[in-house]
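Under our numbering, the sequence shown has 183 at position 183, and the numbering climbs by one with no breaks.
Please note that a few of the clues may not be correct.
[As the list claims (entries may be wrong)] Across the chosen pairs, the derived CB separations fall in these ranges:
hint, residue 1, residue 2, range
1, Leu361, Glu83, 46 to 54 angstroms
2, Ala220, Gly334, 16 to 24 angstroms
3, Thr475, Gly24, 25 to 33 angstroms
4, Ala220, Gly62, 52 to 60 angstroms
5, Gly430, His218, 42 to 50 angstroms
6, Ala390, Arg284, 40 to 48 angstroms
7, Phe450, Asp77, 18 to 26 angstroms
Hints are computed from structural coordinates only; laboratory data are not their basis.
Glycine included, each C-beta is placed from N, C-alpha and C at the ideal position.
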Amino acid sequence: MRLDPRAELLRVWEAVARYSFRDGGFLWGDPAAGDALEDAHQLLCILGPAANLPGLRLDVPGETADDAAGALRALGDRFEIPERLVVAMREYLTRYSDGTGAPVFPGGPSLEPPAPAVEAVAGFSADLRLCLAMLGFCRVYRQQTADVERLTEVRLTAAMTGLLRAYSVRASADDTHLRHLVRPGPRDEQAVRDEFAAGLVEVQAGLREISIGALPDHNAVYRGAWFECGWAWTVVAGALPVDLDPLPDGVVITQRPGPAVAPQLYSTLLALHAVDELFTERTRILGLLTEDQQRLARALQLRSDLTGAYWAWVATFGEHRWPLERVPWRTADGDESLHNSAVVAAITSVELGTRRGNQQLPYAYLLRVLAGLAARHGVARPPLAASPPAVLPEHRCPCPGLPGTTQRAAATVPILFRVAVRAATAVDDGPLRTGFEDLADQLWQHLPLFPAGHTPNWHDTLHAVDALTLATRLTSGVAPPAPALFVHELLTTAETLAGEDHPVVARARGFVDTAPARAAALLYRLVADLDRPT
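Can you make the complete structure from the sequences, with help from the hints?
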């Protein structure tokens, strides 16, 4: 990889510090707009890499690298930097809470028209990640952080609760969208439909185990011509309140009703990235989750596994040409865009990264898809490459359930950059890895993060920072975190309860390493049935 990700991360840190801090203090956005999401993104651009890269840690001042301290000199010296970050954390946690101390997640100007009272999944997801980063930082730094840890624990619980109530399953008896997705070619149409449906049996079974938050209509899922699952852009209409253990200081989380009626691709991607961080080695070693949060995390993991299995199957169904290769991707609502294609590719890459064994062919297909999408955005090998844009066009996603409302999202190029880097860190094949690295290098040249005369798009910036963090691991020889052992633990539990020879256990064991999300979906119902009290 020609790109030096660590050096680029430090340049981003320097730019964020200049833009977001004055005299060591954080510059908050317009209080009337209440844009918690923008502020969370800015803080995550610093705290995310600091949490995940040992060479950029800031919570032990004596171990802070000279170039890292230099990049953040707008905050002070290596000892003042963590002090002022803790102050910013405290201000953020108190700024975005109501009069009772309960966290709020205002949608703010990310929605058009603005709807500050509506809480968005983008906010829940960003705050989940930010809370984990803040908790980990405070657990190590341990200097006047007790109140920050207490407030962060409450906000983390609220963010997890919001994600549980924003999970959406939609089904329909109209097969129009199914006919668009599944094209039989010369084969018998019914046989191809049966094959497609068979690949989703485990997902259907797993959906029956959702018992808290937004509950799916199981009859519609089984009887409809097609169904889809994922996260809506906000809380789903009719979502039930989630029972919670008592919180510090007697805070009661407000669980507001929502208007969402269907999954949204972009919010699904953000939620998947957030849920991943609940199961990292760092989260486990530092003991960042309370017992009640671990319960919520398991419920979110179920939804994440089912979602990954669903979209990977839908996007890659068929032997010769994936549905994902038919661009632009069209949703069931008729929203058709290259941005949708990039998001589905990103969701698919998350699921591919959990598989083990030889995945050379799927990754070769993915590289072909990414390269095609990049070419459509003027990113190609010289001399065909277009001149890098001065600023990326803003992309907005429709918000089903609130007619006329759209939501700001990251542009296509930073999403593709993150997918390319993630694939490069996951693939074992040398030529394929080189292909992903070359594509990432080209995409980076077309990714202006701090364009002169323009306000930064923090959605774009955070996607780029996440990718640079992964790339730094790749180029420094630090392996990215291994896939969670959650599915193997689930298999062990099923073997204990049902026996190793149980047909469901045997079937799941057959692809637990190559398709862990499918195996998890198959095992959830078995374990739940066997573990019910008699």
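Which of the listed hints are not met by the structure? none
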